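Chains as they are written, first to last, in my numbering: chain P, 1 to 456; chain R, 1 to 456; chain Y, 1 to 456; chain C, 1 to 456.
The hints are simulated quantities; they were obtained by calculation from the structure and are not laboratory data. Note that the coordinates shown come from a computational prediction; the quantities given were computed from them, not determined experimentally. Warning: the hint list may mix true and false statements.
Which copy is meant is left open, because identical chains are indistinguishable; a pair holds if it fits in one copy or across any two.
Here are the computed lysine-lysine pairs in the DSSO-like style, where the Cα-Cα straight-line distance is at most 30 Å [to be verified]:
1) K295 to K177
2) K239 to K448
3) K353 to K451
4) K401 to K295
5) K177 to K430
6) K177 to K239
7) K239 to K295
8) K353 to K448
9) K353 to K288
10) K368 to K353
11) K177 to K448
12) K430 to K368
13) K430 to K401
14) K177 to K190
15) K288 to K152
16) K190 to K368
17) K353 to K401
There are 4 protein chains.
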Amino acid sequence: MNMSFLQELFNNITQRDALLWRRQGGSATPDHTQLLDACRGLLESDGEASSISLASRALAMYNQLDEAERTRFFEGLADDFAAEPARIDEAYAAYRETRDNPSLQQLFDACEPRRQELFRRLNLASNGTYELVHMREGLLGRLRERPRPDAKELGAIDADFSHLFASWFNRGFLVLKRIDWHTPAAILEKIIRYEAVHEIQDWNDLRRRLDALDRRCFAFFHPAIGDEPLIFVEVALHKGLPQQIQPILAGEHREIDDPEAADTAAFFGISNCQTGLRGISFGNFLIKQVVQELKQELPQLRHFVTLSPVPGFAHWLTECRNDESLPASLRTPLAELDTPDWHLDPGLSERLKTIVKPLAARYLVEEKNARGLPLNPVARFHLGNGAELHRINWLGDISAKGLQQAVGLMVNYLYVLDDIERNHENYIAKATVACSGEVRDLNRRARKMAKGENAK
Amino acid sequence: MNMSFLQELFNNITQRDALLWRRQGGSATPDHTQLLDACRGLLESDGEASSISLASRALAMYNQLDEAERTRFFEGLADDFAAEPARIDEAYAAYRETRDNPSLQQLFDACEPRRQELFRRLNLASNGTYELVHMREGLLGRLRERPRPDAKELGAIDADFSHLFASWFNRGFLVLKRIDWHTPAAILEKIIRYEAVHEIQDWNDLRRRLDALDRRCFAFFHPAIGDEPLIFVEVALHKGLPQQIQPILAGEHREIDDPEAADTAAFFGISNCQTGLRGISFGNFLIKQVVQELKQELPQLRHFVTLSPVPGFAHWLTECRNDESLPASLRTPLAELDTPDWHLDPGLSERLKTIVKPLAARYLVEEKNARGLPLNPVARFHLGNGAELHRINWLGDISAKGLQQAVGLMVNYLYVLDDIERNHENYIAKATVACSGEVRDLNRRARKMAKGENAK
Amino acid sequence: MNMSFLQELFNNITQRDALLWRRQGGSATPDHTQLLDACRGLLESDGEASSISLASRALAMYNQLDEAERTRFFEGLADDFAAEPARIDEAYAAYRETRDNPSLQQLFDACEPRRQELFRRLNLASNGTYELVHMREGLLGRLRERPRPDAKELGAIDADFSHLFASWFNRGFLVLKRIDWHTPAAILEKIIRYEAVHEIQDWNDLRRRLDALDRRCFAFFHPAIGDEPLIFVEVALHKGLPQQIQPILAGEHREIDDPEAADTAAFFGISNCQTGLRGISFGNFLIKQVVQELKQELPQLRHFVTLSPVPGFAHWLTECRNDESLPASLRTPLAELDTPDWHLDPGLSERLKTIVKPLAARYLVEEKNARGLPLNPVARFHLGNGAELHRINWLGDISAKGLQQAVGLMVNYLYVLDDIERNHENYIAKATVACSGEVRDLNRRARKMAKGENAK
Amino acid sequence: MNMSFLQELFNNITQRDALLWRRQGGSATPDHTQLLDACRGLLESDGEASSISLASRALAMYNQLDEAERTRFFEGLADDFAAEPARIDEAYAAYRETRDNPSLQQLFDACEPRRQELFRRLNLASNGTYELVHMREGLLGRLRERPRPDAKELGAIDADFSHLFASWFNRGFLVLKRIDWHTPAAILEKIIRYEAVHEIQDWNDLRRRLDALDRRCFAFFHPAIGDEPLIFVEVALHKGLPQQIQPILAGEHREIDDPEAADTAAFFGISNCQTGLRGISFGNFLIKQVVQELKQELPQLRHFVTLSPVPGFAHWLTECRNDESLPASLRTPLAELDTPDWHLDPGLSERLKTIVKPLAARYLVEEKNARGLPLNPVARFHLGNGAELHRINWLGDISAKGLQQAVGLMVNYLYVLDDIERNHENYIAKATVACSGEVRDLNRRARKMAKGENAK
């Protein structure tokens, strides 16, 4: 995406907001106290028709605030839009007495931060849902930057957003749509912008990825936020499991010009689009629904597999190399990774492969985070969905980014429909990593190598 | 609606459910304990993809239960799916200490009845939202039948539904659609079924009401429950304010065959469709959005007015007549209402008109309920929306129902855009009934009549 | 269809026309000379934008004419809108000289009746295509009523319509749509009206036929005439080939509540909708495209078969019985057909079956019209499409109409995809009737019976 | 448009054709005799369902032919698919006898080149209409290149295409659609490609032109050729009549960010998209329908005007300067046009303006072609539509192309709804050029200047 384009887009949105504001009779730039007053007014209204214009006005004001004023607005939300302690105390006393459902209900109502009702009412405005998602995005930015204790109060606002969004973006409300060259440009430009795994350069690049007989792309949308995709997945139809991402991205991959000749659907990019929906999970639902769609369209498909990045592996490997306990039998050959463009030297590459692949298996299968789950986030996602860690592909991604973050490796996670449920349960219950014999063998070899044994 | 049609419809739904159930491998009819277990399983799942099938299964089971089992299921929800007292006590203690946002958040979470999370998860199923609305409909039926104290526990379940539905059916998520003869039959049959004010006999009757150049009909829909309208309003375009409903219903009203010749949009029927959404208010939003639509399409329209029934007036009038304090100067002429077919006798009708219209003004303007608001529910609705009580129409509805419930009267409530806000605020703040000079005069006359004075 | 409904519909259309006419400034009722003048004006215009309003006006005038004036209008078209003889003579002379393409082109242009250009220009009006189809319908009515020689001149107008319609309603312009309970009422009411094979009583009846898991209905539409179906076919999914129409029409047929359990798609009604498109053939394309659609949706379907009426068979049989050469061994038993309600007497029915079914086979296979093709029009249609005359069903249609026109028989024509081409070619080239062994046996038996032999 | 993009597009289409061909069992590349045979087969088929696959096959073969073979194919069409002379002679003899409608009909049928029926049958294929338009495009290319006498035979094929296309692309079958940023990319890329007046550089450029509150774009589509626009017009909303194209193209024009503030709709580009539809006129209908649309959306619009190029003016001016009769009082100042970048020198530009603008008026108003109509094709188009030659804008287009073809001039043609009909009629009947007083004055001055008088 070139900058001027984004710039223009941004100007455009601001233009519209300004226009709205002017048509609604607003003039001077508002500040956070005016906005907080507008929010109070909205809460005091009776929630009916006049509330719509109050909500629109408040959101237009928010969009006019500069960053500093927005911060003050969020602080005001934290301070003045929580709940009434006295009402809580009273409701709790009553509940303690009876422990029955009606008094629980009273207590629940008393405890609900007024922010939640505020957000529900802001949602009355015609673009309300999107604006609130956008507002949370701003809040999350502030949470990241703040020192911990201070962030806690703002964190409560985030909890309110999460609570509502989990309800509003319930999978029952999501709509799956196919994305292709017949999709409106207003949506496609968002696909270009939001692609997070393998950047899309421009419209021609997009066309190469989407508009071929061997490509599919699907996204979840929410009816109330129109053109904004929530998450999307890119798929290449293939004969056999793909090993390398570059041919797919280049669109050189056209031996499968007839989709009915493919036996594999390869998911090569899943991108979340809305920062403001962080923590609301869609990916799992998306993959499974897309598998259903593809099976319906192309009943001959037999394999559903990802071609996934391994972010963090290079970092972990560097730490290994820095670890003094690493046997020399590994340290020496790994040093060759420092050779510039090692991946272009076939002999060197082949030597490295015999060492790095086993270590990658080990990284993916054995290395765990504080919660006892795999350290690698992509692995966590697919294993949690019930997929199997199926194959590690040497030189799977030889882009600068791929080499830098994963020593060029990519991984196939395989979704075997009959095993998903069991894999998922074992993963949840026992953190078991489902993996293929091949990966298990690699891991075993890594164990031997770590002991300095010959890893054959 | 003839019965065989409804019967078939019902069979059809049951058929589909049964088919679903069979395809999902279910066999024997389940009972409430199985369903409660399924609900527990759903809550214990991790809320991701496997939850979809658990949710579908639970809803299919609910649909298989007979009425007695459903009652037991609701009792189980009340007993076993509330909150954990210990967790609440602990969270309250912490909150009491700090009174800060994070501890409030904890307390709020602890107080949320588990039913709410259960309902959110049931909503994962593909028809979940509709099924939950339907489930609440069943619950409301039980609440009506039960003796008070006993109903209280079930009432808490209803509060949970209300809480979620208010969020899910937020106006921001609703979609306004025009209903006409190009609308799918699956929706039109629901319009026939749900019309609550002036019954629609059959498809030919529907066509007369919808498919003419002087008719408009609009409904709110929710994206997740597809073909099911939530509420709809019927409009007739008119020259001047309409006084009588029968010509409109008969579709004889075609002097305005050119919509551009109309100056008035008359709202002659507003029907809520989903019993299971009781208390979630849409009507206000609907009327105002429809006014906007009509103004856009037909800029020459000047008056937006209802032709509304007066349910309860006949009942109130009977009570008046039974009241011993009623002066004989009223009692005697009112006795003529007992004459069969009095409305067909012009002289008699004219005599009654001079007495009954003032009493109707009095009933609408002065008679209040326990909360100090007008006794008449239709008046409450429109006055609450900011409309003006504009005109009382003698022989406005001479159907059996109209004569029986309102002595044949109908009322025009007028929506004057510039006054709506002020009327609404005065009504909310001071219960002021906005009314026209004509209605005020009628009311004054009624006051005199009540004192036995000559009411000229 | 009850009359009042059609009546109202008609009024409605007339209303709209009148409104259009009035808005366009027309006043008094026009006559045929005014219309012919308007047509001349349209032809003299340059065919661009002003022509649109000229065309609209001419069509509105046509709709205002009474039947007698319309007849005169058609006569005027025949007399004054043919071609210019002098121009033809000249062009022919030139063509005769050169015999080349350019002079042929000149001759072709000179011969084109001016009506064709007139119709193309009338088609500029927004509802033009539909109005022209409607106009031809009126013309066809006149052609039927007229004595032969006189009709010939009007017949030329019909040839002009045919020529244009064949081009405009080319299969490449047709759109296949599924008809179901989600189809707009405006279309469904036309399905009710146009069903020609087995009348649809009302909306409830329609719903029974369409809105079940085992039913499908498809229609061809033309983009320029919107809601008007051109032809539609009704399908019931079935296990095995259906024998009787009554259970299908009654919708009692629900053992196949799961469409995926069906192995047969039974086409039980094909109805042409537009009289004004007589002779423009769609049925063939429709059946084959529907077969494709169904195979895509339900790959397990193995048989595509009709359940078709046998109009004319009863008439033919009566003639047989009146034929003196009929052997007594047939005449006597056939006399039992005169017994009232013979089909309700199992013994009698069984006796008749052994005689009538062979005769039906003979009627369908052997009896030919002047062009050497089967006498039965339904047989001609399906055999011409490449289907096989597969089975004759005794008591297949026991409605009054079915008994009266076909002694209760119905026929299954089977579409075997691999045989269609060959059957079709043999039928076209040699008038060969493709039929099953069973039908061949019946025919053989009929031959013996005709000779008075014992037909075992 | 960069080349790689077009290249890829082209490959893509070829790919699909090849795939189709392979799936249909075709293998080696066909030649023109095979294709002509296939065409004969199609004509001999009975025009029903088997014809669809024959048509598809023939079109796929055509797409496989190289250019030389296609030429031979067209020659074959001219030679072997005309009409039968004997049949024509016979029909003419009969017609000569009777001069009645039936015999005229026979003659007309006999004269119709078999190509027309062939094209109608090729149109049965699913993409047939588009392929035929494409085929004519190829034919037109050949017609341009050929020497006259030789081209005549191929010209007859073109006449057949024209005859059919005029019928198929009747305005009654066209669909107007708004083009904006929500339009599918597959359509937008065609807008980029087909823009003929002011080239669109890339997607960002397109977005600037389309996706702003002050822009509108509309296109005509034909239902049978899906995503292919036939013609489109670009509109900028404006305060007052625009004088210069560059600010509009640059999208700097945002003082009108509120469309409701505009009083003028400026049509700044009309592009025909399908070479293969040359001579089938849409532009007139398009402009008038777009005016209707805009008036409906924005009732406050008062002026509908173009900002149009003046192709050919620079050429004409050069010829003037070369004409020896040109008075020196003009010749000398005009010589300054040879100064490089004269338009950047305000004094020089101002001097030239006083001479060149009058000459432009003269060129537009007085210079006529062989048919007595204005020499300038853009003037012919808009004057023929009934517009008025309203204003000549100095430095209206200072792009290289604008300077080169029109000395930087642009013209406003004004569409005054009440005058359109009269202007059009006067133009058609008397070739009258409707023009404003300002333009008339300029023309008068030019006349004086031509005589060497001082043109004040």
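Are the CA atoms of K177 and K448 at most 30 Å apart within a copy, between copies, both, or neither?
neither (48 Å within a copy, 65 Å between copies)
Please sort K368 with K353 into within, between, both or neither, judging by C-alpha distance up to 30 Å.
The answer is within: 23 Å in one copy meets 30 Å, while 79 Å across copies does not.
Since the copies are identical, ignore which copy is meant and state whether K430 and K368 lie within 30 Å (CA to CA) inside a copy, between copies, both or neither.
Within. Shortest intra-copy distance 13 Å satisfies the 30 Å Cα cut-off; inter-copy 65 Å does not.
Intra- versus inter-subunit Cα pairing at 30 Å for K239 with K448:
So K239 and K448 fail the 30 Å test inside a copy (35 Å) and across (63 Å) alike.
At most 30 Å between alpha carbons: which applies to K353 and K401, within, between, both or neither?
within (19 Å within a copy, 59 Å between copies)
For K353 vs K448, is the C-alpha pair at or below 30 Å within one copy, between two copies, both, or neither?
within (16 Å within a copy, 86 Å between copies)
Using 30 Å as the alpha-carbon threshold, which applies to K190 and K368: within, between, both, or neither?
Neither: 35 Å inside a chain and 52 Å across chains, both beyond 30 Å.
For the identical chains here, do K353 and K451 meet the 30 Å Cα criterion within one copy, between copies, both, or neither?
Within one copy only: 19 Å inside a chain, 90 Å across chains, cut-off 30 Å.
Are the CA atoms of K401 and K295 at most 30 Å apart within a copy, between copies, both, or neither?
neither (33 Å within a copy, 47 Å between copies)
Using 30 Å as the alpha-carbon threshold, which applies to K353 and K288: within, between, both, or neither?
Answer is neither: 33 Å inside a copy and 57 Å across each miss the 30 Å cutoff.
Go through the copies and call it for K239 and K295: within, between, both or neither, with a Cα cutoff of 30 Å.
both (15 Å within a copy, 26 Å between copies)
Intra- versus inter-copy proximity for K430 and K177 (alpha-carbon distance at most 30 Å)
Cα proximity of K177 and K430: none, with 35 Å in one copy and 51 Å across.
Hint check: violations occur at hints 2, 4, 5, 9, 11, 13, 15, 16; the rest are consistent with the structure.
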